[in-house]
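Please work from the sequences and hints to get the whole structure.
Residue numbers (my numbering), protein chains in the order written: chain Z, 61 to 449; chain D, 7 to 933.
Any given hint might turn out to be false.
[To be verified] In silico lysine-lysine, DSSO-like type, Cα no more than 30 Å apart, as pairs:
1. D:Lys-719 x D:Lys-219
2. Z:Lys-421 x D:Lys-775
3. Z:Lys-389 x D:Lys-213
4. Z:Lys-421 x D:Lys-236
5. D:Lys-236 x Z:Lys-126
6. D:Lys-719 x Z:Lys-126
7. Z:Lys-85 x D:Lys-219
8. Z:Lys-421 x D:Lys-213
9. D:Lys-219 x Z:Lys-389
10. D:Lys-209 x Z:Lys-421
11. D:Lys-165 x Z:Lys-421
[Claimed, not checked] To be clear about the criterion: a stretch of chain D counts as covered by chain Z if any three or more of its residues have a C-beta under 8 Å from a C-beta of chain Z, and this derived list gives those stretches:
12. 183-196
13. 235-244
14. 712-724
15. 727-736
16. 747-761
Please keep in mind that the hints were generated in silico from the structure rather than gathered at the bench. All values reported here derive from a predicted model rather than from experimental measurement. Glycine residues also receive a C-beta, built at the ideal position from the N, C-alpha and C atoms.
Now for the letters of each chain:
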Amino acid sequence: MPVTFLHTADWQLAKPYARVRDDSKRFRLQQERIECLSRIGSAAREHCASFVVVAGDLFDSPSPTKATVSAVCSAVGSMGIPVLVIPGNHDHGGPGSLWGQDFFQREMQQLAPNLRVLLTPEPLVLDDAVIFPAPLMRRHEMADPTAWIRKAFEENTFPIGPPRIVLAHGSVQGFGAAQDDEDDSPSGTNLIDLGRLPDAELDYVALGDWHGTKQVGPKAWYCGTPEIDRFPKGEGNEPGHILKVTVSRGGIPQVEKLATARFHWHQLAFRFSEDASLDTFVALLEASIGGQGPDSLLLLALEGSLGIEASDRLEIVLDALESRLLRLKLSHHVTIAPTPEEILALAGRTGDPLVAAVAGKLVAMADGDAGEVARMALRELHSACSGGH
Amino acid sequence: MKLYSITARNYRLHRDITVDFDRSRNLIGGPNETGKSTLAEAIHRGLFLRAKTGGKVQHTMRSDQAGAGHPEVSLTFEVGDQVWTVDKKFSGPSGTIRLAAVGGSVLHGEDAETKLAMLLQNTDGASTTLKQLETQWAHLWVWQGTSGDKAAVHAGQQKDRLVQRLQSDGLAAVMQSDFDQLVREKIRAAHDEIFTNTAGRAKAGSKLESAAKAVAAAAVDLGRASDFTKRLVAAVEDQTRAAGILAYAAAELPGLRDQLANILGSLARVTELRSREEREASQYQNACQAREQLVKLDDQISDLRKQAAAAKETLLPAEAKLALLADQDNAARDSSSLAEATHRKIGEEVRGAGLLNELASACIGHFEKSASCEALTSKTKDVADIRESLAAATTALAQLPVIGSKDLESLRKLDGQFRQAESALAALAAGVELISAEQPIELDGKPLAAGESRVITEVAELTLGDGTRLRIHPGGGTSLAQTRLQVTDASQKLTGMLDRLTVPSLEDAAGIVAQRQVLDSQISTIEARLEALGAKELPAALATATTDRDSSAAEVGRRRNALPVDLTVTLPDSVESARLWQTHTAGILDEAVRTENTARRDMDSRRKTYQQVARNHTSHREAIETARQTLGNLDASATALETNQGDAATRASGLVRALENETNAKDALATTQTTLTELNPEALASSQANFDRRIKIQEQNQREAETALAVAKNVLALDGSHDPMADLTNAKARLATLQEEHAREERRANAIVLLQRLFSESQSAIIEKVTQPIAERISGYLACVLGAGVRARLEFGDDGTQSLELIRPGGVSFGFDTLSGGTREQVAAAVRLAMAEILAADHGGCLPLVFDDAFAYADPERVESLQRMLDLAATRGLQVIVLTCTPRDYIALGAREIRFYPPQVTVMAATALPSAGLKDTITLESI
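Structure below.
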């Protein structure tokens, strides 16, 4: 009998977005992650999902605040169908974690009775499925958290009707959050060896940790995070989804990606070859982001060089961009290269020998990496001569 | 600008003085306190002090002469080709100024002040305070005591004017523009906004410093957040560790406790076995003892029988010997008894001889005592006779008055004194003889018969019948009475003594004394005889002799009575016969004694022999008795034992049973000990300690783990108000952001520092071009005083500092401050002259320089060289005014000389000097 359920993971609720300096933007980013749960609930209802599995990292931290706990329980409770959760590396189930806290237990009981936290590596037999959870009980687990499943099949028998679903959180074959620069998990931890699982006995492996959506085996999928929380690295990561899975015992799972993300995470790289390229850059920005600024985040990598005035304009553009976007993550490697006109305007002032002499020395010092200070000084001098300061 | 003349009125000590100046060289000389410096001050204030200045400044300028008016100063000077006259009256707010161009307009009040300031190029306007005044033309006015001031400071103050002048003269090639200056100031401002003036540190409140502070604060926050999460991580580890320990202890403890229980069971068995072992050992020991006792008794009975038999064997010869010893004992006793009887008989004989001998001796004693008694009796009779005569003489003596020869002598002496007194009285007495009288005459109340004569020895009253009374004073005065008193006293003493001696007269006394002397002689003789006879001891001796006699008689009787009854003796009748008898009996006694001694020695020998034999006999008998007793005891003991233990057969069967008991007890004990050994009690005890320890360790671990678990849970029990992990992430991000901001500010600060440095360096290079012409002029003046080859180097720092160095030939440089006082004066003067020479172009080609006692440290030789320098300045168009106490030293200057004199010489000097132009001086007034 096939069963349909939703596979999601890495909600990482209450993620701090610490590098976002603006408080209101940071709040929006955090809040949207909770809002996303309502979209998951809608999808569950729309697709008549029997239950939702969350493959770890429901919370961004093992010690979220009470406010976060209450908000999450409320959102989960509104889904109305069973939500099965295992702890991931971010919200592991070790000592002191929220899963055992009285407050969480009370809130779960009152607000989300449909929420079931699977803290024990033992089969959970449901009416329409058997769940094999592999909870992480510490942040960095050295052993394969799914290792117990192979033994379970050696020692026990399970109902032959309902499909068997593994719920795990970790890296598989080089995929995992550890490869992300925003995660500090050491390599070699939380490793899941899919090859050692009894493939024939299992029907679907619901994985979490890797924030992109990816199939990593005939029956194994990373669903990715439902609301993007970082600039994806590489191609084809496709974050911002949940998976609708239909599976039956002994069959091949039918997997469908459902988009759930709201915010747009852009990436743009640009090299300035001349001052005129600044206009090109501005046009490109407009084309990329357009009116999505308030819902967009941009990873911007700038290189090349600009004249002093163009550099000043670029700074103005970037200043506005940072203000408009939810976040501007900037890799700024644009050097100041005064134009011949600018050099002449400073070093060629025959009536102002002092300024000319200083400018001439700075121009001579401005080349190369060592010349950064001189270039900055030229910019300051230019500003002073232009009525700045 | 050139000074032509000055007139000062009511200005301190100058009541009214006018001095005309030479256009190039002036020398104002005179001793101290003659008003030279006051004149220089008057010129300066005439030029620069606002006329309406009041207060202390104006007050100090006023004359102290009574009735003097307000200070006034009039100056005539030339600027360019125009000659000007300025008249200032310093009367406080009512002060006035009049500025007139010769042949031109006249200005008053503020217009005049403004114009004057313009002429002098005094951009600050007229001064009103001393502090402002000090800055006016300070480079041209060398006040007393300031000649050695830092010359470069003055140059620095005039730097801008100098530069402008040099540029306008084409001497300084390039000079920064106003725009340069504007940009320079902007950069400086930007620098000062970031950094402090000293040490180049970030200024408090600057963006750089704020960014650094923010980074530091964020680092602290991060540290705090990090510490918190570390505590949480540590608590997680502690809890995990504690849970592991608890699980291990829970798994281990039941097994350990079971094993301990087994060990304790075995130990209880050991305890029981040891108790049994003890009991069985005791039983075994008792069986052994019983068996040993039986053997011992059997042996004892056998021994006793053997000993009894042996004793019997030993007793037979001893008893034979005892009979022999009894015979010997009897014989010795008989022999000893016989000897004693013999000795006793001889002893009786000795005693009888002794008694006779003693009786003979007693008789001799009696005879001798009787004779002695008779002699004493006779002597006693003689003594009695002598004592009778002594009593008679003593009685006769006692009947005589007791008068000694001394008494007699005293009597004689008193008698002589009496007689001598009577003779004296008789010599002094008056005689009265009544020859006839018709009427009764009484002398001292006693009728005096006619023809009767009386001796009157004292005052007497002669009464005649008709009542006539006559007083007669014999002897004249009182000597008669004294003599009478002496007679009476002597008579009384004599009579008193005679009465005391109971003799009627001196002669009787003399007779009695003689009688008493005869009797005393007799008595002495008798007493000598009595003493010779031993009269005193005689009665006692007689009594003793009588007693002795009686005792000897009694002794004789007693000894006679002591004689054996059967012995009859006749006592001797005389002492001689008694002595013969005593000699005879003594011989008998000696013989008897010798015989007795022989008998006694024999008796003693026999007695000793008997005693020895008797002791041997007794000893042997006692030994036999003891042996018999022992034999009896042995027999009795053996019999008693046999009675208790039975006969030999009975005892043998008893011993067999005891041996069986012993064997059984031994086997039981061995079995128990084997079981104990197999249990290995020592190992069990060690195991018990081991398991106790292991259980305690696990229990301790359990308790500690429970505590650690509770502590860790407590740490991990967050209140949910914040997320420590999120806090840490936020703190890291904030620190990173602030570090980026700080780095940005630092980059900008570095850029500003670079700009500041480059501006400073570039500006210094430009300024150096400006200072070079000034330095060359200074060097030119210095050559006059220090010789050719000495150069000056003047530097204006970008920060407003100045420095001046002197470079001597060879390149050795000296800072201005390191120069001697004299050299500093010269160098400072050279700088002033050089500046004045350059700046003079702005003042119509000339400027005055006032040196007021400016070369105090200069010796005459140096003053001479100074004059060359001043002369050079004058030659180059400057107006030099030197004020000095020693004008003679400046003769070589060729200056116009104005001489001030002290009061006492002023009259002559004033007339002698045509140029002073003094119309009225304080010195004249003083005169």
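Hints, one by one, checked against the model:
The suggested pairing of D:Lys-719 with D:Lys-219 is violated, with an alpha-carbon distance near 37 Å, which exceeds 30 Å. For the hint linking Z:Lys-421 to D:Lys-775, the alpha-carbon distance of about 19 Å falls within 30 Å, and the restraint holds. With a C-alpha separation of about 23 Å, the suggested pair Z:Lys-389 and D:Lys-213 falls inside the 30 Å cut-off, and the hint holds. Using a Cα cut-off of 30 Å, the hinted pair Z:Lys-421 and D:Lys-236 is violated, with the two alpha carbons roughly 52 Å apart.
Taking the CA atoms of D:Lys-236 and Z:Lys-126, the gap is about 21 Å. The hint holds against a cut of 30 Å. About 18 Å separates the Cα atoms of D:Lys-719 and Z:Lys-126, which keeps this hinted pair within 30 Å; it holds. Between Z:Lys-85 and D:Lys-219 the CA atoms are separated by roughly 26 Å; this keeps the pair inside 30 Å, and the hint holds. At most 30 Å may separate the alpha-carbon atoms for a hinted pair to count; Z:Lys-421 and D:Lys-213 meet this at roughly 27 Å.
Taking the CA atoms of D:Lys-219 and Z:Lys-389, the gap is near 25 Å; set against the 30 Å cutoff, the hint holds. Distance restraint check for D:Lys-209 and Z:Lys-421: the Cα-Cα separation of roughly 27 Å lies within the 30 Å cut-off, and the hinted pair is therefore satisfied. A hinted pair counts as satisfied when its Cα atoms are at most 30 Å apart, and D:Lys-165 with Z:Lys-421 qualifies at roughly 27 Å. Under the rule that three or more residues need a Cβ within less than 8 Å of chain Z, the assignment of the stretch 183-196 of chain D holds, with 10 such residues.
Residues of the stretch 235-244 of chain D lying with their CB closer than 8 Å to a CB of chain Z number 3, which satisfies the three-residue condition for coverage. Here's how the stretch 712-724 of chain D fares: 6 of its residues keep a CB closer than 8 Å to some CB of chain Z, so the rule of at least three is met and the hint holds. Proximity of the stretch 727-736 of chain D to chain Z, defined as three or more residues with a beta carbon under 8 Å from a beta carbon of that chain, is established by the 8 residues found. For the stretch 747-761 of chain D, the stated coverage by chain Z is satisfied: 7 residues place a CB nearer than 8 Å to a CB of that chain, which reaches the threshold of 3.
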